[in-house]
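Residue numbers (my numbering), protein chains in the order written: chain A, 656 to 926; chain B, 81 to 376.
Hints were generated in silico from the structure; no laboratory data involved.
Careful, some of the hints might be misleading.
Stretch-level coverage of chain B by chain A, calculated; a stretch enters the list once three of its residues show a Cβ under 8 Å from a Cβ in chain A [said to hold, decoys possible]: (1) 127-133; (2) 142-153; (3) 175-183; (4) 324-334.
Note that beta-carbon positions come from the ideal geometry of N, C-alpha and C, so glycine has one too.
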Amino acid sequence: MNAIKLIKLEILKYKDNSLVQMLLLFFTLLMPTSIFVLKNFDKIPFIPGKESFFTFPLVWEYQAYAGSWLSFLFLGFLGVYLITSEIQYKTMRQNIITGLSRFDFFMGKILITFIVTLYATIIFYLSTLLIGILHEGEINIQHIFNQQNYVILRFFLLTFAYMAFGMLVAFIIRKPALSIFFYFSYILFIEPLFRWWIHLKFINKGRSMLYYPLNGIEDLAPLPFYKYVENFNNLKDFPILLSYTEASVISVISVIVFVSLSYYLFIKRDI
Amino acid sequence: MNDVLTIKNLSKSYGRIKALDNLNLTIEKGNIYGLLGPNGSGKTTTLAIILSILKADSGTFEWFEGKYGNNPRKHIGAILETPNFYPYKSGTDNLRIIAAIKDVKDFNFDEVMKLVNLEHRKDSKFRTYSLGMKQRLAIAATMIGNPEVVIFDEPTNGLDPQGIAEVREILKRVAESGRTVLMASHILDEVEKICSHVAIIKKGKLLSSGLVGELLSNDYLIEINSTDQEKLAQLANEMEFIKKIQKQNDFWIWTIDNSIPSQIISKMLYDKGLTLTHFLVRKQKLEEEFLEITKK
Chain A
656 MNAIKLIKLE
666 ILKYKDNSLV
676 QMLLLFFTLL
686 MPTSIFVLKN
696 FDKIPFIPGK
706 ESFFTFPLVW
716 EYQAYAGSWL
726 SFLFLGFLGV
736 YLITSEIQYK
746 TMRQNIITGL
756 SRFDFFMGKI
766 LITFIVTLYA
776 TIIFYLSTLL
786 IGILHEGEIN
796 IQHIFNQQNY
806 VILRFFLLTF
816 AYMAFGMLVA
826 FIIRKPALSI
836 FFYFSYILFI
846 EPLFRWWIHL
856 KFINKGRSML
866 YYPLNGIEDL
876 APLPFYKYVE
886 NFNNLKDFPI
896 LLSYTEASVI
906 SVISVIVFVS
916 LSYYLFIKRD
926 I
Chain B
81 MNDVLTIKNL
91 SKSYGRIKAL
101 DNLNLTIEKG
111 NIYGLLGPNG
121 SGKTTTLAII
131 LSILKADSGT
141 FEWFEGKYGN
151 NPRKHIGAIL
161 ETPNFYPYKS
171 GTDNLRIIAA
181 IKDVKDFNFD
191 EVMKLVNLEH
201 RKDSKFRTYS
211 LGMKQRLAIA
221 ATMIGNPEVV
231 IFDEPTNGLD
241 PQGIAEVREI
251 LKRVAESGRT
261 VLMASHILDE
271 VEKICSHVAI
281 IKKGKLLSSG
291 LVGELLSNDY
301 LIEINSTDQE
311 KLAQLANEME
321 FIKKIQKQND
331 FWIWTIDNSI
341 PSQIISKMLY
351 DKGLTLTHFL
361 VRKQKLEEEF
371 LEITKK
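My request is simple: use the sequences and hints to build the entire structure.
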């Protein structure tokens with residue numbers, strides 16, 4: 656089956672699914688609005704002026720950071736749901752029985768992940784552009800697009816990575832509630848605990864504790880606030896934030912591993 | 081092309097349990113096959129393997145003599161175990177998904193919904209359907225794309241008597257359409273009424289296969305009872321042509337060699353002065369043959 660048909664099939668499956676609609680709606684509504692929470696603060700510590708968050712170039716970084724949380728919360732969740740729902744309803748099984756090859760089924764999921772990621776990136780980019788332009792005194796094209804540091808590519812990569820990780824977790828665990836629990840637990844607790852405790856204590860005390868998949872993905876869009884906190888990046892004997900290049904390399908490798916492992920499990924296992 | 085499906089030496093284990101043990105089976109075009117076996121005999125495992133849901137440990141199977149390559153399933157309509165659909169979508173929308181997978185364009189969904197008596201609920205969400213309606217939607221799904229082979233796995237499982245009657249009626253219509261049908265069931269009455277051929281499996285092994293008529297032996301049965309139980313037993317022992325005597329509920333069942341007409345037996349009993357309270361001559365049922373074969 657060609658790519659267009661697979662995308663159409665996935666859209667047909669989910670177009671009237673209320674959970675999918677809700678997750679996409681939350682992302683779409685919160686992406687352009689969550690930044691306005693900052694307006695409630697009179698002063699943000701360490702930051703020269705809170706208005707700088709709303710203007711270029713800092714707005715790119717803050718929006719990417721806020722968007723990374725939204726991607727993690729809503730779109731990664733969607734990645735888990737896209738697989739576990741098919742397992743739970745046994746429609747994955749029925750799709751194969753009906754005549755979809757396993758490769759086509761898997762490609763359908765990758766393609767819909769790509770489409771959702773593309774949509775999220777467009778929402779991120781347009782909303783950020785709009786917020787920045789509305790808060791700039793005058794429109795200076797060069798100023799707007801300077802110092803983006805490939806933010807659009809970083810945002811696309813991190814969203815795709817969260818969704819791909821969600822799908823991998825779903826392919827491994829298969830049970831919906833357990834998969835969601837593990838997805839959030841791994842990112843919020845398991846990997847950070849492993850890095851900061853086991854890795855530092857038993858494996859290596861150096862910077863290698865940063866080279867973990869989800870840490871790499873998170874550091875694609877770190878909180879820009881860190882930049883203004885003196886010596887924050889030197890809390891240890893080494894900078895605790897990855898450079899964008901390092902984070903990008905780790906994220907690309909992670910995505911390749913997530914997708915390959917998911918495919919391997921899907922092909923090898925009984926359905 | 082004559083053989084629709086050829087299964088060779090198929091084996092599958094779940095841990096220590098051997099679900100299939102070197103199973104061999106050939107399904108020919110146009111036949112209506114009943115795959116019979118007690119619960120846990122390997123019927124669903126067999127169907128799951130030939131539908132590429134489970135992977136066999138060893139052995140091979142080939143659909144349509146390899147005519148459609150690696151993915152012949154677009155030419156097969158199948159339900160395995162329970163009907164599996166997207167619960168938040170309507171019956172018709174679920175059929176649209178099936179049609180999209182099968183690359184079927186311009187399909188008349190209303191017509192097929194009418195065929196399975198679901199036209200009044202075609203726009204209702206699948207999760208609101210009763211079990212019988214779900215089963216009927218699954219049968220409708222197997223019709224999409226006019227498949228050469230239709231597979232049903234316990235199609236009347238869990239249905240109430242009315243649901244069973246409705247599904248059976250639809251299955252008969254499917255069988256009459258000239259398609260090759262493979263139906264797994266443990267309800268023998270169902271198989272006997274619908275199928276032309278039968279394959280009996282137990283513990284993953286093929287015990288017997290062939291035409292339903294061929295499988296049933298030529299012996300016939302007499303259901304009999306008398307007020308004089310002692311004399312009845314004595315006479316039964318004297319009649320050498322009685323192959324088997326079984327007690328069932330309020331009467332005895334004698335299995336009689338086909339060469340002895342029932343009138344002779346009736347006359348013999350009358351001549352001996354035995355007063356009968358029950359006397360019924362009938363053919364063997366598939367159920368009895370099935371129990372006989374699976375007992376071995």
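So, going through the hints one by one against the coordinates:
{"no.": "1", "hint": "127-133", "in the structure": "holds (count 4)"}
{"no.": "2", "hint": "142-153", "in the structure": "holds (count 3)"}
{"no.": "3", "hint": "175-183", "in the structure": "holds (count 7)"}
{"no.": "4", "hint": "324-334", "in the structure": "violated (count 0)"}
Hint compliance for this structure: hint 4 alone is broken.
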